[in-house]
Amino acid sequence: MSIDKAESVKYETFTQEEYMIMKDDLLRPIEKIGIGAKIWIGFLTAVFLAGVFAYYLQETRGKYVTTGLRDYTTWGVYISNFLFLVALSLSSVFMSAILRLTNFQWYRPLSRIADVISLSSITMAGICIMISMGRADRLHHLFIYGRIQSPIIWDIIVVATYFVACVLVLFIALIPSLSTCKNHLHNLPKWQLKMYDILSFGWEGNAEQWKVLKKTVLILTVLIIPLGIALRTVSAWLFSTTLRPEWDSTNFGAYFVSGSALITVATMVIAVYAFRKIYNLENYLTEMHFDKLGQAMVLMGFIYAYFNINEYLVPAYKMSGLHENHLLDLFVGEEALFYWSVVFFGIAVPSILPLFRKMRKPLPLSIIALAVLIAGWFKFYLIVIPGQAHPLLPIQDVPETWKHYTPSLIELTIVAATIAGTLLLVTVFSKFFPIISVWEVAEGKLEGKEEIINYK
Amino acid sequence: MENENNNSSRRNFLRLGALGGIALAGTAIAKAVTDEAPKETGKKVKVLTADGKLVEVDSSHVEHHAMNDNYTSEEIRQGVKGKKFIRVIDLGKCANERKCIEGCQTAHNYIAPVEYIKVKKMQNSELESPYWFPTMCYHCDNPPCTKVCPVDATFKREDGIVAMDYDRCIGCKFCMAACPYSARTFNFGKPEQLKFTEEHGNDTSDPNHCRTPYAQEGTVAKCDFCTDRSEKGLLPACVVECPNGAILHGDELEDVVTNGEDTFRLKKLLQDRGAYRQFEELGTKPRVYYLPPVARNFPFEDATEAHNTKD
Chain A
1 MSIDKAESVK
11 YETFTQEEYM
21 IMKDDLLRPI
31 EKIGIGAKIW
41 IGFLTAVFLA
51 GVFAYYLQET
61 RGKYVTTGLR
71 DYTTWGVYIS
81 NFLFLVALSL
91 SSVFMSAILR
101 LTNFQWYRPL
111 SRIADVISLS
121 SITMAGICIM
131 ISMGRADRLH
141 HLFIYGRIQS
151 PIIWDIIVVA
161 TYFVACVLVL
171 FIALIPSLST
181 CKNHLHNLPK
191 WQLKMYDILS
201 FGWEGNAEQW
211 KVLKKTVLIL
221 TVLIIPLGIA
231 LRTVSAWLFS
241 TTLRPEWDST
251 NFGAYFVSGS
261 ALITVATMVI
271 AVYAFRKIYN
281 LENYLTEMHF
291 DKLGQAMVLM
301 GFIYAYFNIN
311 EYLVPAYKMS
321 GLHENHLLDL
331 FVGEEALFYW
341 SVVFFGIAVP
351 SILPLFRKMR
361 KPLPLSIIAL
371 AVLIAGWFKF
381 YLIVIPGQAH
391 PLLPIQDVPE
401 TWKHYTPSLI
411 ELTIVAATIA
421 GTLLLVTVFS
431 KFFPIISVWE
441 VAEGKLEGKE
451 EIINYK
Chain B
1 MENENNNSSR
11 RNFLRLGALG
21 GIALAGTAIA
31 KAVTDEAPKE
41 TGKKVKVLTA
51 DGKLVEVDSS
61 HVEHHAMNDN
71 YTSEEIRQGV
81 KGKKFIRVID
91 LGKCANERKC
101 IEGCQTAHNY
111 IAPVEYIKVK
121 KMQNSELESP
131 YWFPTMCYHC
141 DNPPCTKVCP
151 VDATFKREDG
161 IVAMDYDRCI
171 GCKFCMAACP
181 YSARTFNFGK
191 PEQLKFTEEH
201 GNDTSDPNHC
211 RTPYAQEGTV
221 AKCDFCTDRS
231 EKGLLPACVV
241 ECPNGAILHG
251 DELEDVVTNG
261 EDTFRLKKLL
271 QDRGAYRQFE
281 ELGTKPRVYY
291 LPPVARNFPF
301 EDATEAHNTK
311 D
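Listed in order, the protein sequences are those of chains A and B. Under full-length UniProt numbering, the letters of the first sequence match residues 1 to 456, in that order. Under full-length UniProt numbering, the letters of the second sequence match residues 1 to 311, in that order.
If you're looking for bench data, these hints aren't it; they were derived computationally from the structure. None of these values were measured; they are calculated from a predicted model. Beta carbons: idealized from backbone N, C-alpha and C, even for Gly. Possibly wrong hints are sitting among the right ones.
[As the list claims (entries may be wrong)] Derived CB-CB ranges, DEER-like:
hint, chain 1, residue 1, chain 2, residue 2, range
1, B, D228, A, L392, 27 to 35 Å
2, A, L363, B, P130, 54 to 62 Å
3, A, F331, B, E128, 23 to 31 Å
4, A, F331, B, E305, 52 to 60 Å
5, B, D262, A, L57, 21 to 29 Å
6, A, T250, B, E74, 37 to 45 Å
7, A, R357, B, E281, 33 to 41 Å
8, B, H200, A, L57, 22 to 30 Å
9, A, L412, B, E281, 50 to 58 Å
10, B, E74, A, V167, 19 to 27 Å
11, B, T309, A, F344, 31 to 39 Å
12, A, T216, B, E281, 23 to 31 Å
[Claimed, not checked] Below, a list of computed lysine-lysine pairs in the BS3-like style, where the Cα atoms sit at most 30 Å apart:
hint, chain 1, residue 1, chain 2, residue 2
13, A, K403, B, K53
14, B, K121, A, K318
15, A, K292, A, K215
16, B, K120, A, K318
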């Protein structure tokens, strides 16, 4: 109510009627939860709980029985999955903050989707660190005995800071929407309305509040970019600060950042496709967005390809004894099929296919994005696991299982649970809060950028 | 109004600071006073006085040495003063008889296929002959593993030993990723191992028994130069068990290494025999030197038998 007043006073061009239609559209997913949504949430909860149970088994029966990890391959699928989730968590940087700062107006309906994906995945990434610890019961040792010289401590600090930043970025921009929810949603349980009331912190939408809000959002937008880059780079340093030739690369931080940029574009495409279809938001998440995201995908694909060439082909040209085993294993050896599939789907496909306009339509682009995402997950697997298979001193006279790591069912269940957890958080969020920022879209419309809402 | 407030709060702050300072000084004085009379521990130790009498005094009057039975965790971390343990391995003498491996497993109460000391078959190029290469933790002077440890659970001691604090390790395995020599092993909680530790953990019947325990489940273990044996001047289990005397253990400051049979002057041995350290170019500065496999005691015999086939 009060927002409308302030808005309509401030922006005369925007009629109350138009705003009401938009609000109805964007708030509708909150008002009713369909049977499909219930099944989906139930499914994700089940997978997540299965992961919790698997973790319980892992901790009670011992990691020797429950995981495929042995000496030599001591970092398994938990760590590679952690890297993947960190990549997802950069959505806020690449799909919201950077676009906002550089005035790409089409960011408006995307920013909240990106922010909630970031928050959900960084939460699960944090959990992944704990799951992979040999002694999770000694987590507090990090605070009692923490050494700032260790990249693990950098990682903990940057993950925690980024988590807080994600909460703030998401929440501050959410305040006006909470007020909108409070004022316009009535057929909801009392506690839910109460929650909107408490969380909106007495937002009235007066000019001064708007000024403070926009300033805060801008500051956070600027801050989250270096923070996200730091997060990604530090997680690359977990590897490049070691003396293992496969990881000992000055290129690693930038290589990881570029890979994450591509992954966030792919994530965004899938998220936009899903929300558009399920919540009937075609008027807000338009074909234009797929067109733009497709173009972004090509750009990020080429940047990622560039870093891959630096990372793999330059050492391959020299083929030093240090890199030989690892690279030959990837290019022509045991992992060749795996490696080249990842290169094909994770780099070639996103760099080339969306060059064609037809491929930038919602469905084809979403299929491409799915391939990129799956290849992206396996890319981190290829970085972490075969990277440990060729230490400087040869592996000799050890059981077969020590040489070849295969993730156990328990490990895979836990990994699935972290992915399900991320999806669950995003889904539940979208059922309680508008997944598209009402005020940001309205603001865009008010500034005469009509194409955001009605593109062609 | 605001200014006044600021002023008064600043004044309060200063007042608080002064009080805190006095309190700190008080505790310092109190501590200094009590330090003059150390607490009696009740534990008597025998000491020899300057005039040759053997007297019994309270252990609190005797300065602590790591050699004493109950040393503090700081002392464990510091290591033995005036020692710098070092090792030289004569590759010409290793015949891969695996006695060092078995001796180590017994001394530290752990079971195969885990090995703190491994013997690898190495061949630098086709034209050169293969040789056996015993490898273990090199207790590097620039250790990549201690650098990355987030909780200081692995650390470099004054006496050169890179040690582990199994009570502190959180099991992140970063040290294992960082070690270029794959010297570290993780206790994944293999049921047989856990059972073995339970049954034999306190078994000291082995003459080479090393008091430093096997890693707890979920922590990282590795060769510790048989810390307590080294401290007492005893030779580590692998050195004792090697039938060919290939492993020489000693003290850099004393300039001496021994395999229990022959004793050498360290520097002369290293200089005369063309000693080298593995992967010198990594800058890890290992404390284990190798003497090249020249003038071998035995012809190289390939081992066809794989020992650690069972997981």
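Violated constraints from the hint list, given by number and in increasing order
4, 5, 7, 9, 10, 12, 13
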